[in-house]
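A.B. asks: Chain residues, written in single-letter form:
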Amino acid sequence: MTKRKMLAAEEDIANRVVEMAKRKGSTVFQTVNDILEQALRADGMGLTLDEILERRGMLERAREVGLTFTPERLLYEVVDVAYGRSRKRLSQMWLEAGRWYGKFFAGRSEDGVGAFEEAMGLLTFGSSEFALEEERGAIAVACVGERFSPGFTEVFSLFIEGAFEAFGYRRVAREVSKGIIHLRFEGSG
Amino acid sequence: MEGGPQDTKLLVLPSRLVERLRASAARRGLSLSNYAVEALEQALRAEAMGAPLRDAVDLYLLGEVQRGAGAVQLPRSSLERLVVELYPEMGEELRGAWSEAGRWYGAYLRAKLRGADILAFLERALLVSWNLDEAEVRDKGGAVALRLTSFVLSLESTELLLSYVSGAMDSLGYDETGRDIMRGMARARYVRKRVR
Chain A
1 MTKRKMLAAE EDIANRVVEM AKRKGSTVFQ TVNDILEQAL RADGMGLTLD
51 EILERRGMLE RAREVGLTFT PERLLYEVVD VAYGRSRKRL SQMWLEAGRW
101 YGKFFAGRSE DGVGAFEEAM GLLTFGSSEF ALEEERGAIA VACVGERFSP
151 GFTEVFSLFI EGAFEAFGYR RVAREVSKGI IHLRFEGSG
Chain B
1 MEGGPQDTKL LVLPSRLVER LRASAARRGL SLSNYAVEAL EQALRAEAMG
51 APLRDAVDLY LLGEVQRGAG AVQLPRSSLE RLVVELYPEM GEELRGAWSE
101 AGRWYGAYLR AKLRGADILA FLERALLVSW NLDEAEVRDK GGAVALRLTS
151 FVLSLESTEL LLSYVSGAMD SLGYDETGRD IMRGMARARY VRKRVR
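So the sequences go chain by chain: A and B. For the first sequence, the working numbering gives the first residue as 1, with consecutive numbering after it. For the second sequence, the working numbering gives the first residue as 1, with consecutive numbering after it.
For the record, the hints were derived by calculation from the structure and aren't laboratory data. The structure displayed is predicted, hence computed values, not measured ones. By construction, the Cβ of each residue, glycine as well, lies at the ideal position given by its N, Cα and C atoms. Take the hints with a grain of salt, since some may be wrong.
To be verified - For each label pair, taking beta carbons as the anchor points, the in silico distance ranges come out as:
1. A:54 <-> B:34: 15 to 21 Å
2. A:89 <-> B:96: 22 to 28 Å
3. A:133 <-> B:34: 35 to 41 Å
4. B:68 <-> A:186: 19 to 25 Å
Said to hold, decoys possible - One-sided excerpt, in silico: chain B residues whose CB lies under 7 Å from chain A:
5. 7
6. 10
7. 15
8. 30
9. 33
10. 43
11. 50
12. 56
13. 59
14. 76
15. 78
16. 120
17. 124
18. 127
19. 131
20. 132
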């Protein structure tokens with residue numbers, strides 16, 4: 001027979017776990033086992049369950065705002081081809097896409113810029129860095145992506161610019177080179 | 001479950017699990033009880049968010065595999081518009097590029113998920129990563145039926161998605177034997193390649 005060990009848990013938590021087991025149609029023993037197995041899985045990845053839930057939440061939010069995973073290689077290849085063929089048209093397209101997203105976030109939250117910053121964090125999660133700094137009515141945006149292609153860097157800077165236009169900002173400084181975007185905006189009102 | 005000291009209850013765990021938990025708790029500088037209670041609290045939080053803990057861990061792993069395979073997140077509309085723009089003149093080239101990327105992805109999955117149910121992973125990855133409404137990959141003794149549905153994908157993107165999946169299936173050892181495509185819906189059939 002397997003030797004069993006007892007663990008003390010606060011009554012409230014224990015009761016809620018019992019309710020959870022009932023909802024799942026499982027035993028308390030099996031439910032607790034399953035939970036702790038997941039804690040060990042997370043630990044095996046060097047994470048806590050809290051961090052796992054945080055990142056799961058980020059993936060869900062990314063889905064909600066219409067982000068999808070795309071093979072990075074394909075994305076840069078396609079953007080560069082299109083950019084080489086019709087620079088003006090593609091630039092306009094990404095600027096408009098940015099405006100659309102800007103309006104989307106402005107309408108979705110009182111803090112449109114904050115919501116956009118969070119979305120950019122999701123978008124660039126793991127592949128690049130996005131930083132936004134507000135200072136006396138001006139906003140400085142920095143985005144660095146080591147693997148960004150020249151065409152993608154260009155159109156992505158326009159995407160960001162379009163979004164800030166929709167938030168009521170105008171660009172006052174721009175420095176863009178392969179993989180590096182620095183933009184500065186001021187309120188246009 | 002048994003009643004314990006004031007305001008606590010005792011939960012039963014097998015010793016085998018306890019030893020692993022104790023080691024894990026020690027790494028984080030926690031007592032076994034605190035570690036276990038924290039896990040229970042997170043499980044309750046996950047359930048309140050509508051996501052069982054196991055699903056959350058699975059989803060996290062899936063995201064990690066996708067990122068490892070070189071995937072980035074992007075507003076769907078941006079790529080969609082690009083594809084529609086380029087497709088009339090470059091359809092064949094794009095299908096080739098998507099198929100090649102799929103082949104690479106299939107080879108990556110084979111290497112990364114050795115021993116795991118790769119087709120089950122692929123089904124989940126398609127659903128979550130491509131933000132589809134439905135994805136089904138059914139293996140019936142070496143014959144695989146694939147069904148993908150999205151209410152927002154253009155015909156062009158649907159064709160490219162299928163090229164990508166067929167490329168992945170090729171690397172996973174399957175030949176395509178038939179397909180039906182319409183806007184936002186793709187079905188394909190595959191058979192396991194013969195070993196020569």
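A.B. asks: Any hints from earlier that this structure breaks? Give me their numbers in increasing order, please.
C.D. replies: Hint check: 4, 8, 11, 16, 17, 18, 20 fail, others pass.
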